[in-house]
Amino acid sequence: MDIINITKKYGEKVVFSHFSLHIEDGKTTFLTGASGIGKTTLFNLILSLERPEEGSVSVEGKVSALFQEDRLIENLSVMNNLLLVSDDKDRAERLLSQAGLGGEERSRVMTLSGGMKRRLALVRALLTEYDALLLDEPFTGLDDDAKKNMAGLLKTEVGNRTLVVISHDEDDAILLDADSIVRL
Amino acid sequence: MKSTTSSKLRFIIPVIIYLIIWEALALYIDSRVLLVSPVSVVIRLFEMVRTSSFWLSILFSLQRIFLGLILAIAISLVTGLLSARNRIFRDMIEPAVMIMKATPVASIVILVLIWISSRNLSVVISFMMVFPVMHTSFYEGMVNVDRRLLEMANVYSVRPYKRFRYLYLPQMASYFESGITIALGLCFKSGIAAEVIAVPDGSIGERLYEAKLYLATADLFAWTLTIIILAKVFEKFLLFIVERMLRRMEVM
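Chains as they are written, first to last, in this note's numbering: chain A, 3 to 186; chain B, 10 to 261.
Derived from the structure by calculation, the hints contain no laboratory data.
Check before you lean on any hint, since a few could be wrong.
What the hints assert, rightly or not - Only some residues are given here: those of chain A computed to face chain B with a beta carbon under 7 Å:
1) Arg73
2) Ile75
3) Val111
4) Met112
5) Leu114
6) Gly116
7) Ile183
C-beta atoms are modelled at their ideal positions from N, C-alpha and C, and glycine is treated no differently.
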């Protein structure tokens, strides 16, 4: 994954000016920085949700992602939110159980707590086919135990694939055994 | 429970006040031709419901208005979807929709009467009244889908069928509900108005025309009341069916 000499502006505000970054395949890269520095902009650029004014972003293979907001369909059941992205019901059930959401398959998302929604969004990101997984503030709203549990699940599921984590909290890098930390 | 009772009272009390004013005016004018009393209307309605011609007229008009309505919903669903997906299609259909919305019902009725038999006029009129409203509703539903959910669907490569069912359909359903309420009122009013102009045998429009011809004001009011009840029952029934369907599909 390569970000090559990009410039990104919002009106007069320059977020990135001739910024480059190489993300190594098969490693866990942790991107951090102060609020408003452009972490989510970088997330959007990697996913091609936004385009840079200059430069290019090169991504090989399929990328799955966890957005900063959960982006779940509130009136759908937990299971149907997962079946939206994959037909593998058995795997969905297994991941739900590992994320502490076993038994919630038929619950509507609108009835879940904020922390449960975050875990469900993480499960959905893991369920799709991917070569690289991109996470934006993955542990928002989770207590310490849930964070540890989800970090464990992430490490097991991602395995030797590329993991890019964007977070303001550098403690998350330790939880995820990050191979490198990039401060924006 | 309390709020349901209070909302019912908020509807019933003004209706009773209107009925009292109506009865007082009818007594004051004292002419069965100029203004018939509400009691006489109800008595006439009870007389009418006992005749087979009453039900046959309802059947005649209802089946044609319903056919026009169903055709309009089905076609506007397709045109609404295509308009949201294709700019050229949208540019092509918009003037037609605009003309349908702006043209007076009487002009359409006379024009359509030149082309087709008066028996099926209300099918066309009902279609032409419902189509522009529902086309706009479906189009708005499609273009107002949450952009963030669409981005999510793109990232996860959600299949087109699932995208339609879980992202577009819920949005379109809410626009459908508001659209159909307006469209149903329109199609009943204009469908019957068209029948009054074309006077097809055995229709509600013919009964209204006869009421006007023989100055049978009680009949006119009784038929009007029937049309209002039919339109309301129809609206509730259609929304009930659609809501049930959408709930089963987990869309609502």
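Consistency of the hints with the structure:
1. With a cut of 7 Å, the hint placing A:Arg73 at the interface with chain B holds, because the nearest CB-to-CB distance is about 4 Å.
2. The beta carbon of A:Ile75 comes within 6 Å of a beta carbon in chain B, closer than 7 Å, and the hint placing it at the interface holds.
3. The interface hint given for A:Val111 is broken, as the beta carbon of that residue sits about 11 Å from the closest beta carbon of chain B, more than 7 Å.
4. Contact between A:Met112 and chain B, as hinted, is not supported at the beta carbon level, the nearest pair being about 12 Å apart and thus beyond 7 Å.
5. A least Cβ separation of about 16 Å between A:Leu114 and chain B goes past the 7 Å threshold, and the interface hint is therefore violated.
6. Violation of the interface hint for A:Gly116 is found here, the shortest Cβ-Cβ separation to chain B being roughly 17 Å, above the 7 Å cut-off.
7. At its closest, the beta carbon of A:Ile183 sits 25 Å from a beta carbon of chain B; the interface hint therefore is violated under the 7 Å criterion.
Hints 3, 4, 5, 6 and 7 from the earlier list are contradicted by this structure; the remaining hints agree with it.
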